[in-house]
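Engineer: Go ahead and model the full structure; you've got the sequences and the hints to work with.
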Amino acid sequence: MEFLKKIVVAACLFFSSQSFAQDSKELQTAFSKSYAYEAKYQYEEAIKVMKDLYSEKSYPINIRLGWLNYINKNYGSAIVYYQKASSIMPSSAEALWAMLSPQIALEKWVDVEKTYFSILKLEPRNASALYKLGLIYYYRKNYTSAKKYFDVALNLYPLDYNTLLMSAWTNYFLGNLNEAKILFNRVLLLYQTDASALEGLSLIK
Amino acid sequence: MKNFKKIALVFCLLLSLNSYGQETKDAYANSFILESKFMYSEAIKSMNDIYSEKSYFMNVRLGWLYYLKKEYVTSISYYKKAVQLNPKATEPLWGIALPQIALEQWVDVENTYLTIVRLDPKNSLVNYRLGVNYYYKKNYVEALKYFDVSLTLYPSDYDAMNMTAWTNYFLGKKEEAKILFTRILLMYQTDASALEGLALCNK
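As they're listed, the protein sequences go chains A and B.
Going by the working numbering, the residue at position 6 of the first sequence is 6; the numbering climbs one at a time, nothing skipped.
Going by the working numbering, the residue at position 50 of the second sequence is 50; the numbering climbs one at a time, nothing skipped.
Nothing false has been slipped in among the hints.
Restraint-style ranges between C-beta atoms, simulated for each label pair:
{"#": "1", "chain 1": "A", "residue 1": "TYR191", "chain 2": "B", "residue 2": "LYS174", "range": "52 to 60 Å"}
{"#": "2", "chain 1": "B", "residue 1": "MET39", "chain 2": "A", "residue 2": "LYS141", "range": "42 to 50 Å"}
{"#": "3", "chain 1": "A", "residue 1": "SER202", "chain 2": "B", "residue 2": "ILE33", "range": "22 to 30 Å"}
{"#": "4", "chain 1": "A", "residue 1": "LYS121", "chain 2": "B", "residue 2": "LYS37", "range": "44 to 52 Å"}
{"#": "5", "chain 1": "B", "residue 1": "ASN139", "chain 2": "A", "residue 2": "THR193", "range": "45 to 53 Å"}
{"#": "6", "chain 1": "A", "residue 1": "GLY175", "chain 2": "B", "residue 2": "GLN84", "range": "28 to 36 Å"}
{"#": "7", "chain 1": "A", "residue 1": "LYS25", "chain 2": "B", "residue 2": "GLU175", "range": "15 to 23 Å"}
{"#": "8", "chain 1": "A", "residue 1": "GLN42", "chain 2": "B", "residue 2": "LYS37", "range": "40 to 48 Å"}
The set of hints was computed from the structure by calculation and includes no laboratory data.
Since the structure is predicted, the reported quantities are computational estimates derived from the model, not experimental observations.
Using N, Cα and C, we set each Cβ at its ideal position, and we do this for glycine too.
Structural biologist: The structure is reproduced here in structure tokens:
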């Protein structure tokens, strides 16, 4: 398996090498121009420059076009480019994190959830992805699933304010009032006047 | 075993609950205020007055305050206690790395990162830092192993790309190095390190 992976990587590097050798200077100029346009908020021009030498097999170009379309608020197109980047490099978490921005902008929550799952397949202990998945389930009132993800995040970073607070509320809604109380109290050790934790505690008392 | 764990957890939670009296809350609040005024000795005193060896939170807090006070050895001892109390948390390990770096205890830093990577094998930052650690020891084979993990997850990350490029260069993999240096130049056209690397590869 490891060997197979190496062959795939070697092949990718070979093809990249070929195209880079041919177009390296042209590509550098295009990227450079697109950065200059982006800095001036001229997103259409920045996109055009990249599209002029678009290659479906190039990860950097697809990532760049994903980003430029996102800031140009072409969320549908941004997703398409990020999806292409992700299919070129399926082990890239970067492309998935990037894809979340236009998905969130379009409020495609089912897709957002799937993207977080894909991230967790690549980075099983990513506290941010775990926390965000917990949040998705929390707002769906699926507290059992929410707790599952918050627990992992909290085990890794026991003093993280957001995870502490959301774990506290999740436990509260699950009827685990003792656990909720302990967690709200911990939040209050960090922020003595935290309104949410104080509210949670007052509901338990 | 599962039941035992649950009972132990509930017991610990109850202990924690008992320790959160008004005195504890005030001590924490004072320590945060004093920290914000750079009065680290006083912030430490505030925590020490209510110190409990079994509190993860207090040990992390004291580890941090002693680190700010530049008492690195004491800081490490508190973080170590926190690690023992919560061996599955990466948080105190990231904490302990700070005073270890300040003391230039590189073997300990490496061990800390290896512990983090055992808990969080795909953490791109710790993989990158381990790669850097081996790179500066000129152990390029080992460095590449960790840089690869980081770069595979974040292929456009400048630091991971640059260090992977140089590692490949020193391993004699000039084609791979060249591709990576060229990719850096797409993002930063005048990057001195990538230009230098590319010039060496083309020699």
